[in-house]
Amino acid sequence: MGRYALSRLVAAVPTLLAIITLAFAMLRIAPGGPFDSERAMPADVRAALESHYHLDESLPAQYLHYLGQLARGDLGPSYYYRDRGVNELIAEALPVDLAIGGLALLLACLVGIPLGALAAWRGGWVDRVAGFVSLAGISMPVYVVAPLIILLFAVSLQWLPAGGWGGGAPRYLVLPVMAMALPYIAYVTRITRAGFLDTLQQPYIRAARARGLSPGAIVFGHALRPSLVPLVAFLGPAVVGAITGSIVIESTFGLDGIGQFFVRGAFNRDYSLVMGVTVLYGALIVLANLAVDLLQALLDPRVRLR
Amino acid sequence: MKVPLPRVSLALLGLLVACAVLIPWLSPHDYFTPDWDNTELPPQWSGGHLLGTDELGRDLLVRLMWSCRISLLVAAVASAISLVIGLAWGVVAGYVGGRVDAILMRIVDVLYSVPFTPFVIVLTVLFGRDLVLLFIAIGAVSWLDIARVTRAQTLGLREREFIIAAEVAGLSRPAIMWRHIVPNLLGITLVCLTLTIPAVVSTEAFLSYLGLGAQSPLTSLGVMLADGAAQMRSRPLLLVMPALVLVTLVYACNRLGDALRDRHGL
Amino acid sequence: MASEALLSLRKYSLSRADGTPVLREVGFDVSRGEILGIVGESGSGKSQLLLSLLGLAMRGSRVSGSARFGEVELAGATEHTLRTLRGRHIAMLFQDPLLSWNPCLTLGAQLIETARLHLVLGRAAARERVVQALSDAQLADGASLLGRYPHEISGGMRQRAMLALSVLAEPGLLLADEPTTALDPTTQRRVLARMATLRDRGMSILLVTHDLGVVAQVADRVLVMQQGAIVEQGDTATLLRSPQSTYARTLLDAARRMEGLPCLP
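Protein chains in written order, with the working numbering: chain A, 1 to 306; chain B, 307 to 572; chain C, 573 to 837.
Bear in mind the hints are in silico, worked out from the structure with no lab data behind them. Check each hint, because a few of them may be wrong.
[Stated by the list, open to error] Quick list of the computed label-pair ranges, beta carbon to beta carbon:
1) A/21 / B/402: 23 to 31 Å
2) A/10 / B/405: 15 to 23 Å
3) A/94 / B/442: 26 to 34 Å
[Stated by the list, open to error] Some, not all, of what chain A presents toward chain C, calculated at C-beta under 8 Å:
4) 203
5) 206
6) 210
7) 221
8) 222
9) 225
Quick caveat: nothing in here was measured; it's all calculated off a predicted structure. Backbone N, C-alpha and C fix where the C-beta goes; we use that ideal spot for every residue, glycine too.
Required output: the full structure, derived from the provided sequences and hints.
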């Protein structure tokens, strides 16, 4: 198991490098620089700024310099928010996304896994209802659901605030979490159901029944582990997406999350901020893929052979 | 036992497609000419504005159907392109195997990890708002799933006797891929298509909603959703109707795709 | 000494959900401590017979007739009743051991689970019992086997361990569906020898196979099935020497031809 983990870790490094390089190249290729939109500034001031941020050096030199900086864990300064570095900006924005994204995924698993398992085990009308609900959930885009639930709960019924962070008070979390969780619940239900359906058809489940095991023992003891393998594959990138924030949710509910900073950074040509978020995202994805691989190997020992 | 196709979804889809295709002949109103005498009408029978008009006096129902038409058109074209790219990619990767396979699929993996929304935003910032950009953005991601699926199927087909027979007979690799493998993938391809189209419709709607896709006077479901969201407190119908059409379209396509997939045992 | 039949089938019929018959009015007895071989070609309904006794036949299939196991009527029994019998009083052994073991759990986990369920033992006691059962089955080093996964051991050991799992609770009846078909000759002999030992200790075994050699080795009596019906039954020696039904003759001739022996008159 340890060797498997190590081999997956080694394979992850090139992917991360590719992501960093791709982002770097795209940003540098783009026309315009970080200081173009400012009020016209004297040439020597601009030259000094560019020299300070190493923007006057050759591209390969900038690239290497950046890699070195990353190795120290420093995501660099922000060209736009000059008083704070990228690390600080992310640290400010992260709690918002962690709270909302984390709760949304938790809700999705708490509702979706039992629902999917039940749909697969019982079949019949439970399955049909679960199927309809989950497919509807996938078909409804977030940017449609979010305004609609604001319309219903904040405007018509006036039960909850329409947006804002409110220091993280629970009232402000309900609507964003609900909007974000809906598609996740749908996906989790579908994937869990598919996983269970596949597992329950396997011969070893029939053999377990022939041994006299109770339905509970079969579902939880024998069917659960192999059924969760496809779900784990889905949750990896989903967790990363949830943590790095949904741009739509943040803008609809007026939240200052990482997504918002990213968009502002892109519009302000704040290379450093955009790169910083991209690198964070890339690193998280690589970690998530690693975690998925390891978790799958834990759930199904046959995976370790590949 | 063949899984029966979902009739309701098929009917709804048929209805939407029919409306989208026939709309130029169905109504005297067009979708872009403002009518300042009739702005912001509620749904009514007289005057032929069955769902009312928007803030520029344009008939809502007609705009809705045109939006459907344009969204479906974009989806069809983009899906077709994705299909060709994905099919070729997957078949080559699956059949040739080895190093080529590893490289091709690694590219797919990296592209798969790219978060779509930030990617599109960066593209817009860099290259401005352009309809072509819309196609590029959509095209860049929708072929990935198709590539994965066709590769998996090709891996299975590769070991079958008729392929080995063709190889023994001395057929060249491209010939085998084109004449033997691809025809056997057509069933799967159809399934992928029915699942790609709703994804592309959703994506196009999203991009248009962000203002990055279809520009005025062109309309699409995304554009109508954006307009509707902006006016939702005063006229919720402007949001609810396009939302209903989009959700129904995507739902029906997905439902159909699921049923077809069950049939093929995918 | 005439022993009272352990399992008694009378006019036992099975049909699929769409009505096609699988078993037609099958009738036979199984006494305590005997091995009854069931031979026939694929599609003769042998496997479905075993599965239906435990209520594990295909969805929607219907049973009619009678199948008495001691005091209990199996045909039409409720799921609850069947569950009290499965594993504990009637066990089943399947053909492919790789498919019968859960690949995600260790052998030990699955063995101990069954031991705890049927023998009502604590974890440590169940573990000891399992190790004992493995060594009874002549599986060397049972303790280390417990920590392994099914795909990590050889096919022969898998099936022998599966047999040990099936008889952990010392059931009165073992239903074996082609248990040796997927095995190499050496392992085949071992498994059959083990079955003979279990038989000598009083267990009854219903052994489905298409291999007459297997029948010749361990079966006390034989049933010959064709298209869902029994065409002949009798004790092994007699049947192999002078089969009555044409079908049995054909089977025997085919087997003898493979051995290079002349056909029977």
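Going through the hints against the structure:
The beta-carbon spacing between residue 21 of chain A and residue 402 of chain B, approximately 26 Å, falls within the hinted interval of 23 to 31 Å. Checked against the hint of 15 to 23 Å, the pair residue 10 of chain A and residue 405 of chain B passes, with Cβ atoms roughly 18 Å apart. Between residue 94 of chain A and residue 442 of chain B the C-beta distance comes to about 31 Å, which sits within the given range of 26 to 34 Å. Hint status for residue 203 of chain A: holds, given a least beta-carbon distance of 4 Å to chain C, under 8 Å.
Restraint check, residue 206 of chain A versus chain C: the minimum CB separation of about 6 Å is within 8 Å; hint holds. Taken as an interface hint, residue 210 of chain A checks out: its beta carbon lies about 4 Å from the nearest beta carbon of chain C, inside 8 Å. A cut of 8 Å between beta carbons decides the hint on residue 221 of chain A: the least distance to chain C is about 7 Å, and the hint holds. Hint status for residue 222 of chain A: holds, given a least beta-carbon distance of 5 Å to chain C, under 8 Å.
For residue 225 of chain A, the interface hint holds, since its Cβ comes within 8 Å of a Cβ in chain C; the closest pair sits about 4 Å apart.
Hint violations for this structure: none, all hints satisfied.
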